[in-house]
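Put together the whole structure using the sequences plus the hints.
Spelled out from the first residue to the last, the chains are:
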Amino acid sequence: MALFRRKKADSAPAEPVIGMPMVDVPLRTPVTVCGKVTRMRTRPAHGVPALVVTLRDETGFVTAIWTGRRTIGGIALGRTICLEGVCTKASDGATFMNPAFTLIK
Amino acid sequence: MKIVIAGAGSVGRYMAKQLSASGHTIVIIDNDPNAVSRVENTDSITSIQGDACEVDILTAAGVSDADVVAAVTGDDEDNLVISLLSKQEFGVPRVVARVNYPNNEWMYNEMWGVDVSVSTPHLLTGLVEEAVTEGSLVRLMAFDHGKSGLAEVTLADGSPAINQTIGSLQLPREATVVAVIRDGHVVTPAPDTVLHAHDEVMVLASGDCDADIRAALIGTK
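Going down the list, the sequences are from chains S and P.
Heads up: the first sequence at position 3 corresponds to 3 in the working numbering, and the numbers run straight through without jumps.
When you read off a place in the second sequence, starting at 1, and then add 105, the result is the number in the working numbering.
FYI, nobody ran anything at the bench for these hints, they're computed from the structure.
Treat the hints with care, since some could be wrong.
[As the list claims (entries may be wrong)] Among chain P residues calculated to face chain S with C-beta under 10 Å, some are:
(1) Glu194
(2) Pro198
(3) Asn214
(4) Trp217
(5) Gly218
(6) Val221
[Unchecked claim] Think about it this way: if two alpha-carbon atoms lie no more than 20 Å apart in a straight line, the pair counts; the simulated SDA-like pairs of lysine to any residue are:
(7) P:Lys107 to S:Thr29
(8) S:Lys89 to P:Lys107
(9) S:Lys89 to P:Lys122
(10) P:Lys252 to S:Pro44
(11) S:Lys89 to P:Asn146
(12) S:Lys105 to S:Pro44
(13) S:Lys105 to S:Gly68
(14) P:Lys107 to S:Arg28
(15) S:Lys89 to P:Pro138
(16) P:Lys122 to P:Asn146
(17) S:Lys89 to P:Asp172
(18) S:Lys36 to P:Met106
(19) S:Lys89 to P:Val173
(20) P:Lys122 to P:Pro138
Cβ coordinates follow ideal geometry from the N, Cα and C atoms, glycine included.
The following block contains the structure:
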């Protein structure tokens with residue numbers, strides 16, 4: 001689960017992360033996807049800020065929502081990042097809520 | 106549907122019984138062995154003893170393929186943690202959480218993974234208000250993250266809606282009359298239903314259109 005994976009990610013040395021094609025992301029199963037940040041928004045969710053990021057690869061896109069923050073150091077347009085977490089279907093497609101992430105380049 | 110209930114108190118046990126009677130599969134979790142022992146295990150109700158705020162216990166309860174998680178413990182902080190984990194770690198489509206202290210209600214939102222919050226004090230206030238007020242808009246419940254809700258207006262004698270048909274009411278586009286209660290009976294609203302004084306009009310509305318509903322049903326005074 002992401003909470004535990006996050007701890008592992010802190011201690012383990014970086015190894016190449018292989019994500020799956022975004023078009024194949026299954027719902028409600030822990031997965032890793034990698035892609036380029038193509039869109040960033042902050043939205044007030046009930047007065048509480050949330051950072052909404054869209055990632056794209058050659059096959060499709062996913063959305064990541066981090067609640068309670070407006071920015072995350074290292075996440076910027078054009079960066080490639082990998083997300084680890086569980087995907088839910090939301091109105092704007094496959095969505096990860098507070099996923100663990102790895103900055104690639 | 107598979108439903109996981111966290112909290113085997115009177116609320117959790119009652120829900121388990123009712124929901125299993127309607128044919129759902131229930132898993133009920135509680136940290137207290139005494140509470141768990143009071144759950145009547147049947148074919149469709151399974152009980153698990155453990156802390157529902159731990160991912161391992163939620164995994165054991167099968168939250169990963171649950172359709173609904175209901176966090177109904179007596180602890181608001183536990184309910185919020187259970188909601189957050191269910192949404193974030195398991196992607197549960199619908200998370201229902203119980204508000205014990207009304208002061209904490211503001212936290213029961215998307216940020217904590219809550220889709221629907223149920224607050225008994227809030228509900229009671231709404232119902233009492235509805236019983237004693239005539240000619241004002243009473244919010245009975247909210248859903249869809251508070252974006253829409255059910256409101257009720259009891260038509261007072263001076264209401265502009267009296268002797269009007271429902272079709273001719275100047276209601277905003279986002280609002281619709283879903284039921285009229287007249288002398289204790291439900292009248293199914295049709296465009297040609299004529300409203301009378303003391304009718305209880307139930308309005309389902311999304312967005313912020315309270316002012317327009319008030320104008321149509323109560324009048325601008």
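Status of each hint after checking the structure:
1. Glu194: The hint holds - glutamate 194 of chain P has a Cβ within 10 Å of chain S, the shortest such distance being about 5 Å.
2. Pro198: Check passed: Cβ of proline 198 of chain P comes within 7 Å of chain S, closer than 10 Å.
3. Asn214: 4 Å, holds
4. Trp217: Nearest chain S Cβ about 8 Å off; hint holds.
5. Gly218: Interface hint status for glycine 218 of chain P: holds (7 Å vs cutoff 10 Å).
6. Val221: Where the cut-off is 10 Å and the nearest Cβ of chain S is about 14 Å from valine 221 of chain P, the hint is violated.
7. P:Lys107 to S:Thr29: Within the cut-off at roughly 17 Å; holds.
8. S:Lys89 to P:Lys107: 18 Å, holds
9. S:Lys89 to P:Lys122: Roughly 30 Å between the alpha carbons, so the hint for lysine 89 of chain S and lysine 122 of chain P is violated.
10. P:Lys252 to S:Pro44: Since the Cα atoms of lysine 252 of chain P and proline 44 of chain S sit roughly 14 Å apart, the hinted pair holds (cutoff 20 Å).
11. S:Lys89 to P:Asn146: Given pair lysine 89 of chain S, asparagine 146 of chain P is violated - Cα atoms ~33 Å apart, limit 20 Å.
12. S:Lys105 to S:Pro44: Violated, because 29 Å separates the two Cα atoms, which is more than 20 Å.
13. S:Lys105 to S:Gly68: 25 Å, violated
14. P:Lys107 to S:Arg28: Distance of about 15 Å is within 20 Å: holds.
15. S:Lys89 to P:Pro138: Violated: lysine 89 of chain S and proline 138 of chain P sit about 36 Å apart, past 20 Å.
16. P:Lys122 to P:Asn146: OK: lysine 122 of chain P and asparagine 146 of chain P at ~10 Å, within 20 Å.
17. S:Lys89 to P:Asp172: Cα-Cα ~13 Å, so holds.
18. S:Lys36 to P:Met106: 37 Å, violated
19. S:Lys89 to P:Val173: 15 Å, holds
20. P:Lys122 to P:Pro138: Holds, because 19 Å separates the two Cα atoms, which is no more than 20 Å.
In terms of the numbered hints stated before, the structure departs from hints 6, 9, 11, 12, 13, 15 and 18, listed from lowest to highest.
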